[in-house]
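Could you slot chain B onto chain A? The hints should help.
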Amino acid sequence: MTKHKNKFLKRKIWSSSVSVVLSLSLVLFVVGLLSLVLLNSQKLSNYVKENIGFTIMLKDSIPQVEEMTFRKELEAEPYTKKTKYISKQQATEKLMKDLGEDFVSFLEYSPLLPSIDVKLNADFANTDSLEKITIKLSKNPVVFETYFQKDLLKKLNSNTKRLSFFLLIFSVLLFLIAFALINNTIRLSVYSKRFLIKTMGLVGATNNFIQKPFIIKSIYQGVYSSIFAVFMLIGAIKLIQKETLKILDVSDLKLIGIVFVLMFLIGILLSMASTFFAVKKYIKLTDDQLYN
Amino acid sequence: MEKYTNFQEKINNNVIEIQNASVYQNEHKVFENLNLNISKGEFVYLIGDTGSGKSSLLKTLYAEIRVSSGKIIIADTNLNEIKHKAIAKFRRKLGIVFQDFQLLTDRTIYENLKFVLKATGWKKKEEINERISEVLTSVHLENVKDKTPHQLSGGEQQRAAIARALLNRPQIILADEPTGNLDPEKSDKIIQLLKEISSRGTTVFIATHDYLIIKKHKARTIKCVDKGIIEVDINTI
Chain A
1 MTKHKNKFLK RKIWSSSVSV VLSLSLVLFV VGLLSLVLLN SQKLSNYVKE
51 NIGFTIMLKD SIPQVEEMTF RKELEAEPYT KKTKYISKQQ ATEKLMKDLG
101 EDFVSFLEYS PLLPSIDVKL NADFANTDSL EKITIKLSKN PVVFETYFQK
151 DLLKKLNSNT KRLSFFLLIF SVLLFLIAFA LINNTIRLSV YSKRFLIKTM
201 GLVGATNNFI QKPFIIKSIY QGVYSSIFAV FMLIGAIKLI QKETLKILDV
251 SDLKLIGIVF VLMFLIGILL SMASTFFAVK KYIKLTDDQL YN
Chain B
1001 MEKYTNFQEK INNNVIEIQN ASVYQNEHKV FENLNLNISK GEFVYLIGDT
1051 GSGKSSLLKT LYAEIRVSSG KIIIADTNLN EIKHKAIAKF RRKLGIVFQD
1101 FQLLTDRTIY ENLKFVLKAT GWKKKEEINE RISEVLTSVH LENVKDKTPH
1151 QLSGGEQQRA AIARALLNRP QIILADEPTG NLDPEKSDKI IQLLKEISSR
1201 GTTVFIATHD YLIIKKHKAR TIKCVDKGII EVDINTI
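Here the protein sequences come in this chain order: A and B. Take the first sequence: its letter number 165 is residue 165 in the numbering used here, and every next letter is one higher. Take the position in the second sequence, starting the count at 1, then add 1000; the result is the number in the numbering used here.
Worth flagging that the hints you see were computed from the coordinates, not collected in a lab. Mixed in with the good hints, there may be bad ones.
[Said to hold, decoys possible] No farther apart than 27 Å at their CA atoms in a straight line, the calculated lysine-lysine pairs in the DSS-like style are these:
(1) B/Lys1093 - A/Lys217
(2) A/Lys198 - B/Lys1029
(3) B/Lys1147 - A/Lys217
(4) A/Lys284 - B/Lys1089
(5) B/Lys1093 - A/Lys281
(6) B/Lys1123 - A/Lys217
(7) A/Lys212 - B/Lys1124
(8) A/Lys154 - A/Lys132
(9) A/Lys281 - B/Lys1089
(10) B/Lys1124 - A/Lys284
(11) B/Lys1118 - B/Lys1093
(12) A/Lys212 - B/Lys1029
(13) A/Lys193 - B/Lys1029
(14) B/Lys1195 - A/Lys212
[Said to hold, decoys possible] Covered by chain B, per the in silico footprint, the following chain A stretches (three or more residues, Cβ under 8 Å):
(15) 196-207
(16) 280-287
Note that the structure is predicted; figures quoted are calculated from it, not measured. Just so you know, even glycine gets a beta-carbon here, dropped at the ideal spot from N, CA and C.
With the rest of the complex left out, here is chain A (with noise of 0.2 Å):
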């Protein structure tokens, strides 16, 4: 009978665990997500990004050797991610074939110039650092001219500082709701034992002698909360790489462990902090404050 009520009673503690552990893990499964989608757009950004560059017209007659010395030159700079040759030949060719015309015989030379690509690295990617670039690269004794797409720049530019301000805020407004659930839901599994730590305090324990289990407890429902996260997480990301035919790229494995570490400590310090207060709110009040 005792064995059967004792039962009941371990039954009862552990089911009002598993509900503090589920939401936490919910909670820790959106920044999760969340993050993951922060640090994914950021790539997503840079890859934009660093297609776009700009194209160099090389003067015509100057012996391949130089050009290809001029190519060199520009891929050792840093704002170089790879550089593509066209030579006259090619753009003629290319020329030719989207024309359906044979200009070449027409007019009985090829005006067109040998030209090199420049893709940028992401950092440079914009107009300011481009203009220097190219200020500085057109007084190249081998350079006709120097061409980038200037409006295009500037609006992908802005687009992607405000998407990514938009989700910045966004983040940071959910992780203030994450936040605020978790303490929450820990608070008032703590506030349902105040008497139990009033009592405690006066029978003579002290305050860290009491604190201690509660800690200790915080600590496994972090832990326990943030495996089932990863979990869910996992899932999750099957899910989208199965839904977006790979288009979004979440198999990135430090990325994703990044995440998963971060889940972890917030998961852990969270239910930590969260109980460590609510615990020292209720050691504090006298008898009258607990009833009121």
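This is chain B only, laid out in the frame that chain A set:
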């Protein structure tokens, strides 16, 4: 001069010493110009009408209600100066039996007692178990140690609360209505037990309105009246 005062206190042997104390609870004056001395090993009853401040006086003695003015020294601890952090250590000198028992409802009686011992620095398992069975035997509760408080009757809970107060062989036992839920026979046994403990040098201070007990086990009696206390002759009650 200070040495002389200490010497004087030693001679007096007072473990409870209250001088001109005023006590407020939520801006409501409970005691004014309170004076009381209780010496080591003394057995004292505290009586008074409901709401006259018996519980408040006990709460003041275990630093749950802070003293506003005057001087209160309990078991060599000055309660005027005590910091919140030091209260836990101070309470280890006392054994407190609460009116509403204040047992930890989420664990068994054995675990309740073990909590107090662990909280007050007991480490060895055998010593802990030995002490727990000692105190449980003294209140005749050996057979319920694996039950949780809500599985016990009021009287059993009361005796468990008394057992908990005895654990650390305190200098002072403060008991708020320790016989309130007991039948006369059990009340008698509990008072006998407390008297025996007091004869071994522990001061026992009991708030009660069980006059039958007072008349049977006569001792110094103090009454709470008009925001103060007076000594009463038990024969005139």
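Here is what the structure says about each hint:
no.: 1; hint: B/Lys1093 - A/Lys217; verdict: violated (30 Å)
no.: 2; hint: A/Lys198 - B/Lys1029; verdict: holds (24 Å)
no.: 3; hint: B/Lys1147 - A/Lys217; verdict: holds (24 Å)
no.: 4; hint: A/Lys284 - B/Lys1089; verdict: holds (15 Å)
no.: 5; hint: B/Lys1093 - A/Lys281; verdict: holds (25 Å)
no.: 6; hint: B/Lys1123 - A/Lys217; verdict: holds (22 Å)
no.: 7; hint: A/Lys212 - B/Lys1124; verdict: holds (19 Å)
no.: 8; hint: A/Lys154 - A/Lys132; verdict: holds (15 Å)
no.: 9; hint: A/Lys281 - B/Lys1089; verdict: holds (19 Å)
no.: 10; hint: B/Lys1124 - A/Lys284; verdict: violated (30 Å)
no.: 11; hint: B/Lys1118 - B/Lys1093; verdict: holds (15 Å)
no.: 12; hint: A/Lys212 - B/Lys1029; verdict: violated (37 Å)
no.: 13; hint: A/Lys193 - B/Lys1029; verdict: violated (31 Å)
no.: 14; hint: B/Lys1195 - A/Lys212; verdict: violated (37 Å)
no.: 15; hint: 196-207; verdict: holds (count 11)
no.: 16; hint: 280-287; verdict: holds (count 3)
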